[in-house]
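By UniProt numbering, the letter at position 18 of the sequence shown is numbered 18, and the numbering carries on one by one without gaps.
Take the hints with a grain of salt, since some may be wrong.
As the list claims (entries may be wrong) - Derived Cβ-Cβ restraints for the label pairs, each shown as a range:
{"#": "1", "residue 1": "GLY166", "residue 2": "ARG295", "range": "46 to 52 Å"}
{"#": "2", "residue 1": "PRO52", "residue 2": "ASN347", "range": "52 to 58 Å"}
{"#": "3", "residue 1": "GLU64", "residue 2": "GLN227", "range": "52 to 58 Å"}
{"#": "4", "residue 1": "PHE355", "residue 2": "ASP205", "range": "45 to 51 Å"}
Note that these hints are calculated values from the structure, not bench results. Glycine residues also receive a C-beta, built at the ideal position from the N, C-alpha and C atoms.
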Amino acid sequence: MSDTYIQVSDMPLRSGGAIGRVTLDAPTSLNALSFGMAVQLMEQLQRWSSDPHIEAVWLEGRGEKAFCAGGDIVSLYKAMREGQAGPGKMTGDYFTLEYRLDHFIHHYPKPVIVWGAGYVMGGGLGLLAGASHRVVCETTRVAMPEVSIGLYPDVGASWFLNRMPGRCGLFLGVTGAQLTASDGVFVGLADRCITADRRENVLADLQALPHAISHRSISRLLREHEQASRGVMPEPNVQPLFDTIQAMTDVDDDQALLMGIKAYTGDNAWLSKAARTLAQGSPTSAAITLRQLRRSKRWSLAQALRSELDLSVRCTQLGELEEGIRALLIDKDRQPKWHPDPLETDNTAWLDAFFEPAFPEEEHPLRDLKD
Numbered sequence: 001m002s003d004t005y006i007q008v009s010d011m012p013l014r015s016g017g018a019i020g021r022v023t024l025d026a027p028t029s030l031n032a033l034s035f036g037m038a039v040q041l042m043e044q045l046q047r048w049s050s051d052p053h054i055e056a057v058w059l060e061g062r063g064e065k066a067f068c069a070g071g072d073i074v075s076l077y078k079a080m081r082e083g084q085a086g087p088g089k090m091t092g093d094y095f096t097l098e099y100r101l102d103h104f105i106h107h108y109p110k111p112v113i114v115w116g117a118g119y120v121m122g123g124g125l126g127l128l129a130g131a132s133h134r135v136v137c138e139t140t141r142v143a144m145p146e147v148s149i150g151l152y153p154d155v156g157a158s159w160f161l162n163r164m165p166g167r168c169g170l171f172l173g174v175t176g177a178q179l180t181a182s183d184g185v186f187v188g189l190a191d192r193c194i195t196a197d198r199r200e201n202v203l204a205d206l207q208a209l210p211h212a213i214s215h216r217s218i219s220r221l222l223r224e225h226e227q228a229s230r231g232v233m234p235e236p237n238v239q240p241l242f243d244t245i246q247a248m249t250d251v252d253d254d255q256a257l258l259m260g261i262k263a264y265t266g267d268n269a270w271l272s273k274a275a276r277t278l279a280q281g282s283p284t285s286a287a288i289t290l291r292q293l294r295r296s297k298r299w300s301l302a303q304a305l306r307s308e309l310d311l312s313v314r315c316t317q318l319g320e321l322e323e324g325i326r327a328l329l330i331d332k333d334r335q336p337k338w339h340p341d342p343l344e345t346d347n348t349a350w351l352d353a354f355f356e357p358a359f360p361e362e363e364h365p366l367r368d369l370k371d
């Protein structure tokens with residue numbers, strides 16, 4: 001492969017081993033996770049997993065703006081336009097690799113530290129969520145903004161959104177609301193809040209540990225840097241509004257739930273923005289998200305990823321995602337022609353089409369994933 005999408009180095013440790021440092025290297029696209037980047041990252045993580053010299057992995061993004069702002073949806077758009085959407089085609093291969101990579105990180109045999117500074121969205125959140133040590137900074141902005149492009153929260157979100165406090169995951173899934181570092185810790189997507197300017201100091205302190213790296217020694221070191229970062233992190237949004245979010249989502253009828261969020265007229269800027277994003281987003285995406293979160297509530301991560309692969313492939317075939325990407329990133333007119341709201345029109349056939357299996361069960365590309 002001639003193109004290089006990641007930068008790799010071994011950082012020597014005082015103990016004699018090394019930390020494998022990998023940097024997502026596509027700053028002009030905010031380190032969007034392309035197919036080539038996913039291939040190289042997977043191959044490198046596989047090599048390090050069986051290398052006794054590598055004691056831990058450090059994953060970061062190049063530049064100050066983003067760890068990884070999402071998947072390479074521009075390439076997905078081109079594939080959809082060129083008839084490469086579906087099982088055995090580009091879009092199917094992309095999502096298969098992406099979800100396999102996410103699952104691998106969740107089950108990685110060595111500590112994985114992700115430095116989640118800047119934007120951490122969509123596919124970037126898939127990489128962060130499974131790490132054993134997830135660091136966010138005062139610059140971090142976390143979100144699953146798929147409702148704005150005609151998709152739904154994937155990369156394991158069917159699993160991790162359902163494990164957030166109360167119904168926070170449901171609210172975040174349908175609104176695409178952005179989280180601060182403090183929010184990320186509260187909802188369980190991050191472990192430590194450390195200021196962005198401490199990155200090299202954290203790495204140097206890891207290298208200076210007098211013994212082999214362990215999960216405990218990493219946690220102790222990150223805790224020290226977090227304590228030194230107190231008072232710098234942005235104020236949280238989710239925890240202070242927890243009761244409000246619970247009340248807004250305490251509705252049995254999906255249509256009433258979404259209408260209630262969109263009808264918010266209070267003076268909280270964060271909630272107002274979330275309501276506007278939902279109102280401007282794809283009604284189909286919101287309906288898909290609600291159904292997917294409810295059906296996956298008791299699934300394992302592997303079950304969730306298998307289901308997401310089917311659902312994501314269908315999204316690339318049925319047009320809503322293509323239209324959303326066109327309006328946001330291709331023509332940039334921000335005037336998507338969304339399909340009519342399936343909840344308002346009672347068009348269950350349209351909604352059901354997204355949940356038709358894309359692969360026979362015995363041939364599913366992720367059938368080997370373990371719980």
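Check each numbered hint against the structure and report the violated ones by number, ascending. 1, 3
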